[in-house]
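Participant: Chains as they are written, first to last, in the working numbering: chain G, 1 to 320; chain B, 1 to 216; chain U, 1 to 354.
These aren't lab readings, by the way, just hints derived from the structure by calculation.
Treat the hints loosely; a few may be bogus.
Not close to chain U: a few residues of chain G, all C-beta gaps over 12 Å, as computed [unchecked claim]:
hint: 1; residue: M75
hint: 2; residue: Q85
hint: 3; residue: P262
Just so you have them, the derived chain G footprint on chain B, three or more residues with Cβ under 8 Å [unchecked claim]:
hint: 4; segment: 128-142
hint: 5; segment: 174-187
Positions of the beta carbon are idealized from the N, C-alpha and C atoms, including for glycine.
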Amino acid sequence: MAVARNRGEGIYQLTLITSPPPHIHAAISVDRIVHLTGASLLPGVIWLIYLFGWQALRVMVLSIGGAVLTEMAVMKLRGKEVTVQDGTAVLTGLILAFTLAPTVPSWIVVLGAVIAITIGKQIFGGTGSNPFNPAVVGRVFLGVAFPDQLNNWIPPHSVGTVIQSPLELWAAGEALPGYRELLAGSTGSFMGDFAVVVLLLGGLILVLRGYVDWRVPLGVLGTAVLFMAAVGQDPAWHLLTGGVILGAFYLAGDPVTTPVTPWGRLVFGIGVGLCLGIIRYYGQNPDAIFFAVLFMNGLVPLLNRLLRIRRKGAVACGKR
Amino acid sequence: MQKHLDDVVRGLFRENPTFRMLIGMCPPLAVTTSAESGLIMGLATTAVLICSSTIISLFKKLIPQQVRIPAYIVIIATFVTMIDLVLAALVPAVHKILGIFVPLIVVNCLILGRAEAFASRMPVSRAITDGLGMGLGFTWALTFIGCIRELLGAGTLFGATVFGDGFVAWRIMQLPPGAFLTMGLIVFTLNLVGNLRARQLQKAARNQMKVVGKEA
Amino acid sequence: MREALKLVITLGLVAAISGGMLGLFYNYTMPIVEARQMSEMIEKGFKGVLPDAHSFSPVTGGQGEQPEGVTEIYEGLDERGERIGIAFEAIGQGFEGPITMAIGVRPDTQTVVGVKILSHTETPGMGAKIEEEDFTLQFQEKSLSDPFVVGKDIDGITAATISSKAVAGTVGDKARQVLSYLGYEVAAPISPEPTEEATAGEGTPVEESGEQAGKPVEFNEEVAQELLPGAAEFIETALDGIKCFEAIDEDGQQVGLVLEAGGEGFGGPVTMAVAVDPEAEKILGIKILSHNETPGLGSRIEEEEFLRQFEGKSLSDSFAIGEDVDGITAATISSEAVAKGAAEKARQVIRLYK
């Protein structure tokens, strides 16, 4: 059923589909995935509030609130049962907040959440039907629309002195912060970058519980490491900043927007890692991870088609 | 006369080339960063469309079937080049805004599409009204997209400041993704309204049937 | 057969009529377009960048070939018909495409009078800001001996470094090239000492046509001091026939070695002074002494932006352009001459020294 939907013709035959995606996790309900993913982010939330105080809280509350209210409003308008209690909107809002700096103006945060839910999700049919990760859609929209407002990075416990992010320093060829600064979060970047360790642990838990297929983060991180090493960059440094960990587990790993087959997921992960390397290294773009995930999300239907499971002994119709 | 009027109205709304038929999509996406350039591009296309439709309709009997496409293309290209030259000579400012997109009117499938589907089968007068309707439909669509993108992307409308200094421009609207987003949302809205109206009509018709049935 | 002939004749007729119509239109519109373009260029471009000029007339002929990327050169005349400045149109490569600009220069004071962006296709809101006066006014009354480097003597536009660099580089390079093409002597960019009063009058020919190699500097203690400002004294020695200065600080400790090195550039030999730390086997600094490279291209090896990358560079590095050394665009041979020459001599000297 899942494969049929992705053969292209399915898009016009939505009424025929009985099980809504995510298809492969039939045994695990959406609720479980959302709850555990949310729980794995909680330590990060607390840590960020400790680092940035009400600024971080403001961004998270606005982002989650915007996402939830938009979801409710759009589902009402579409005449559907409002399923906001499944928590997917909360999660989208929270992850979007993790991709933003604590300095982002309130109205931009809310706009990003609205865009994420409408254009990123509901327009394609709501939970489970979105081809792109909603949080990434919102983040890329904001990044392209409001670069001046988005890229005001501040270090923790600061009173608003704007500094350059590690990747901006890197692109400008200036002295770089070391691993310790990156891990301890004394640089300036978007919020997810200050909680790299927590996100990595959370991500590993999700992988162990089988909610995120290990092939995706492995593909992303492995390819990114190989790419950066091949072009003579420090791979470890590049994994620690610019949202790579967040992207590998929480953005690329989102089961809704990854291919359905194991091979497809591995190729998908490798693709994200490769795009990340190319966009970051050659394009010198600090937001590379978001563009990489967005681009590879767009290729998921193609990967599903090319790398679908072929049953042994089955004969294709009309051939032989 | 009624038919002629219908030709014009049809192009404006029911069969609007940009929003309903989705043909000739390059200019609506590429030259609509401002309302002004959308309007000018639309008018230039309208002029080419009317001229080429007229000529093609006039000579439809003389052009053999086998070579009609090359002949149409040459006719269209001639008018496009003429308009390009006239714009460059008379309104250079406008010509500068449109740049490469004026020569590209040649490959706008709206024009060849109307030539093939309409002008080559209809009398001259109707070919002209069809060209006018389609052209103006194209024009208002481009201007509309341009308005939205200019308003959000720069805070201005036809160059005049609309929002004050406090306005933060949505840069994405002036970039290519902005064109796709705007275009998609407009088509979405139109389809939504269309569907709702169709549903209402259906309901009304059903009620009518019931009434008729009871009476019978 | 007849059928085919009919097709051919129809198409031929359509094409002929079309061609005839276009010819008519072209002949009618072209003079208007050209006249307008010329007056527009003067009105909108040249008057803005050379406001004192009373009238403009085209300049034809100069020494050598007209500099690449320069399309129109006009002279600005005062009321008595004397030349007070040069205004020209130049094209630079921006981020999205070519940037056309009008540039006004005064040969007598060797300054840029003004710059105006005529056309561009840069990203709206970012690169497009090059048209704004905030950016272009920086070039007003700017001396041609300045380096014209964004981040140094030119403030770039945030998030549009490539566009800003394109304008700054084009203005500096083309202004120098146009003046030397017209036969003026031009001060080389970033001269270490203040340039002598540029007294070059009208029509003073340059010794080597078009060429404007940097003034050769002698390899002496002064140069060594410049590279190692911390040293108190220099002792001249020679190692394997290579002239060296041993740098000694106030306590008599050896702090470095300055040696003369050379390489084969594109236009001839390049000589330079190289400061090294023999203990750490690192390069401390490089200064170009003389060269004969192409102005605006190879001559950029003199620029600090290029030379700075060698500071602190370990001699065990490969010193290969494009690998661990950023070469100057379109001047790989010149860049290589510096990188290879410096590394080779420095290694040789250090080996002997030890």
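Participant: If a hint holds in the structure, say so; if it does not, say that too.
Facilitator: For each hint, the structure was consulted:
1. M75: 35 Å, holds
2. Q85: 41 Å, holds
3. P262: G/P262 is indeed farther than 12 Å from all Cβ atoms of chain U, at 39 Å.
4. 128-142: violated (count 0)
5. 174-187: holds (count 3)
In terms of the numbered hints stated before, the structure departs from hint 4 and from no other.
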